[in-house]
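Undergrad: So the sequence lines, in the order shown, correspond to chains A, B and C. If you use the numbering used here, the first sequence corresponds to residues 10 to 271, in order. If you use the numbering used here, the second sequence corresponds to residues 10 to 271, in order. If you use the numbering used here, the third sequence corresponds to residues 10 to 271, in order.
Just so you know, the hints here were simulated from the structure itself, not pulled from any lab data. Hints may be right or wrong, so weigh each one.
The list treats identical chains as interchangeable, and a pair is accepted whether it falls inside one copy or across any two copies.
Calculated cross-link-like contacts (lysine-lysine; reagent style DSS-like; alpha-carbon spacing at most 30 Å) [to be verified]:
1. K265 <-> K106
2. K134 <-> K106
3. K106 <-> K67
4. K265 <-> K200
5. K55 <-> K134
6. K200 <-> K55
7. K200 <-> K67
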Amino acid sequence: MKLFTALLVALAFMSSSIQANEANTMARQTTVSRADIAAVAPALDKYTQERLLGEVWKRPGLSARDRSIVTVAALIARNQMIELPYYLNVALDNGVKPSEISEIITHLAFYSGWPNAMSAVAVAKDVFAARNVSTDQLSPTSGSLPLDEAAEADRATRVGQQFGAAFPGIVQYTTDILFRDLWLRPGLAPKDRSLVTVAALIATGQVAQMPYHLNRAMDNGLTQEQAGEVITHLAFYVGWPNAFSAMPVAKDVFEKRAKSSH
Amino acid sequence: MKLFTALLVALAFMSSSIQANEANTMARQTTVSRADIAAVAPALDKYTQERLLGEVWKRPGLSARDRSIVTVAALIARNQMIELPYYLNVALDNGVKPSEISEIITHLAFYSGWPNAMSAVAVAKDVFAARNVSTDQLSPTSGSLPLDEAAEADRATRVGQQFGAAFPGIVQYTTDILFRDLWLRPGLAPKDRSLVTVAALIATGQVAQMPYHLNRAMDNGLTQEQAGEVITHLAFYVGWPNAFSAMPVAKDVFEKRAKSSH
Amino acid sequence: MKLFTALLVALAFMSSSIQANEANTMARQTTVSRADIAAVAPALDKYTQERLLGEVWKRPGLSARDRSIVTVAALIARNQMIELPYYLNVALDNGVKPSEISEIITHLAFYSGWPNAMSAVAVAKDVFAARNVSTDQLSPTSGSLPLDEAAEADRATRVGQQFGAAFPGIVQYTTDILFRDLWLRPGLAPKDRSLVTVAALIATGQVAQMPYHLNRAMDNGLTQEQAGEVITHLAFYVGWPNAFSAMPVAKDVFEKRAKSSH
Chain A
10 MKLFTALLVA LAFMSSSIQA NEANTMARQT TVSRADIAAV APALDKYTQE RLLGEVWKRP
70 GLSARDRSIV TVAALIARNQ MIELPYYLNV ALDNGVKPSE ISEIITHLAF YSGWPNAMSA
130 VAVAKDVFAA RNVSTDQLSP TSGSLPLDEA AEADRATRVG QQFGAAFPGI VQYTTDILFR
190 DLWLRPGLAP KDRSLVTVAA LIATGQVAQM PYHLNRAMDN GLTQEQAGEV ITHLAFYVGW
250 PNAFSAMPVA KDVFEKRAKS SH
Chain B
10 MKLFTALLVA LAFMSSSIQA NEANTMARQT TVSRADIAAV APALDKYTQE RLLGEVWKRP
70 GLSARDRSIV TVAALIARNQ MIELPYYLNV ALDNGVKPSE ISEIITHLAF YSGWPNAMSA
130 VAVAKDVFAA RNVSTDQLSP TSGSLPLDEA AEADRATRVG QQFGAAFPGI VQYTTDILFR
190 DLWLRPGLAP KDRSLVTVAA LIATGQVAQM PYHLNRAMDN GLTQEQAGEV ITHLAFYVGW
250 PNAFSAMPVA KDVFEKRAKS SH
Chain C
10 MKLFTALLVA LAFMSSSIQA NEANTMARQT TVSRADIAAV APALDKYTQE RLLGEVWKRP
70 GLSARDRSIV TVAALIARNQ MIELPYYLNV ALDNGVKPSE ISEIITHLAF YSGWPNAMSA
130 VAVAKDVFAA RNVSTDQLSP TSGSLPLDEA AEADRATRVG QQFGAAFPGI VQYTTDILFR
190 DLWLRPGLAP KDRSLVTVAA LIATGQVAQM PYHLNRAMDN GLTQEQAGEV ITHLAFYVGW
250 PNAFSAMPVA KDVFEKRAKS SH
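Here chain A stands alone, though its shape is the one from the complex:
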């Protein structure tokens, strides 16, 4: 029976080593452990614990929930999936609802591109499954918030005059799908939708669209202090240069709003 035993041991060993390998693969595809960081860059581990997790996330100017939304949006906008499982769980732990995660991904399909949303779907699927999130917890595909018709007509006229003749396709879709459909979906509050959009723009260095969307965010209730904290928070997640490119643009928006409110 020795051979039988040997075979069984071999099978058991192989089985567990396969599982270990799978686990390793999952871990590598998803989250870097603190031990990994310490083994490669002890200083980075120190900055992560003391500064990023120990200080930045606890700063009073922006709630942990909003920091979670901003972080998840930045990761999806930059297509960085290795940390997304961890931060999707952080977001859900901080009170972001599964239906809001679902809307954030849908929103970023338009603002970051379909492939970014598809990558996020692949990650979110596993996170939702592990937390037993069912489809009925997600927002329905239809339903609509009220629209500020005057403001939207103004925007559509302005964009139409500038680009309607040369780019009729995207101009029409911008009105029909984005501003008369996506932005009105009730599953994500307009302020949160703005937060996602502004975070995605800062994360990818796309400052040209920032004045419009930062104004819209502040119209939707984002305070100047919160906007400043969004940039401070994102500096750690999208790099100092992107934050410093966003700062003069944001400052200009702040100053123009201060003048026009007098």
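Please arrange chains B and C on chain A, whose structure you already have, making use of the hints.
TA: Just chains B and C now, kept in the frame of chain A:
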């Protein structure tokens, strides 16, 4: 013999579960299923089916073949490999030849960077293998289209005067490798090569080089309507902000060409 | 005993095929082989061998060590992990120390974003393990180079006046963590730290911060010829458009320094 049977069953089960795991890994690394999208973001599934696949791809201003080239170029330029197997197959189904895929990847090594091309090679290798594409279906490493010597001399002089003294290396390579070699390779029509270049620039928000390359594309036969459709199409694949950053630049090119043709 | 033999053979076969699959997965996650390139794009293989490896890396204006640092920085800045194992090994072979790799990753956490650094940690961990790099070969988490107090006070005053009121968080962190801590870490020479920063900015098209950091790099000992070679080298790794966007900015820095030195 029961133990033998149990062992064989165990072996068979392990073997199939290994295969299933490999299949899952492949699937996760490559394409997101429609069921995955519906499970995470039902609204996104609806937009994908009704708008992106149901409308955008069928718009008359740009052929399905050209939309495929633009989409593949954008994915490679942004290093987004999860959707690339699907869209390489779409491209081949829409009449893009394997030799043209090969040239697109080679072209983007220079316009998006070597690592993007290497990632694309890893994906294309499997797609080619699954379709039994053999090496003799690819274009040869040499051979040359005719060169517009006057236009190239003009370009080289202009760039040489501006940058030759400070950056002799890249200026020489731009002439020798790019414009007197890569662009003359017969495996991809100049209009398609321009389409790839313009799509990559839009996809990565690099509008500074757009005037030169959009003019070149239109010199190579791209119509204004097609250029407009490229931007509309790419809005979905690279995000609205990149499309909106490209629009004023493209509009300016259109207007200057309209004036100079009078 | 035939069944036993068959089982043992089956086990041995499965075991080796599992290992082969793991090897394939690793290879796909890490490096594209020369055979893969030749099978998909023979012309790209030719350019890689004759031009990139055969010429560019051997150009005299920049050492192989510095080219390695620039390449690794660009890959991390663009979050392109498929080629990173190969180029980390190239860097170590060219004399970059493990402690310097560790510092490069820590530095880029701030200049490219935490998720880029985390992805790099996951790759570097395996490279370090394969070369038996132990934690005591990495640089300590504290210790400090001397600070040019006058220059730093000048920078802090300038940034504080422009952004301190609107963005107190990031302005404080920029002083406390970046310029009075990270940049003074002795594990990476200031010239190398500048090289990493400038490479990351060029790699991601972030030219707005280039004047400050290219000047700092040249203050730290980078020559104009070396800066030109950095851009030529990076053209191949981050694409021609990013190189051409960096060139006018770098040329302007060169000219202003030439004037001010008279």
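Undergrad: Up to 30 Å between alpha-carbons, please classify K200 paired with K55: within, between, both or neither.
TA: between (34 Å within a copy, 24 Å between copies)
Undergrad: Could you place K55 and K134 in one of the four classes (within, between, both, neither) given a Cα distance threshold of 30 Å?
TA: between (32 Å within a copy, 17 Å between copies)
Undergrad: State whether the alpha carbon distance between K200 and K67 is at most 30 Å within one copy, between copies, both, or neither.
TA: Within. Shortest intra-copy distance 21 Å satisfies the 30 Å Cα cut-off; inter-copy 35 Å does not.
Undergrad: How do K134 and K106 come out at 30 Å by Cα distance, when the copy is not named: within, between, both, or neither?
TA: For K134 and K106, only the intra-copy Cα distance (14 Å) is at most 30 Å; the inter-copy one is 35 Å.
Undergrad: What label fits K106 with K67 when the C-alpha limit is 30 Å: within, between, both, or neither?
TA: within (21 Å within a copy, 36 Å between copies)
Undergrad: Give the relationship of K265 and K200 under a CA distance limit of 30 Å: within one copy only, between copies only, both, or neither.
TA: Cα proximity of K265 and K200: one copy only (20 Å, versus 40 Å across).
Undergrad: Is it within, between, both, or neither for K265 and K106, if the alpha carbons may be no more than 30 Å apart?
TA: neither (35 Å within a copy, 50 Å between copies)
Consistency note: the structure conflicts with earlier hint 1 alone.
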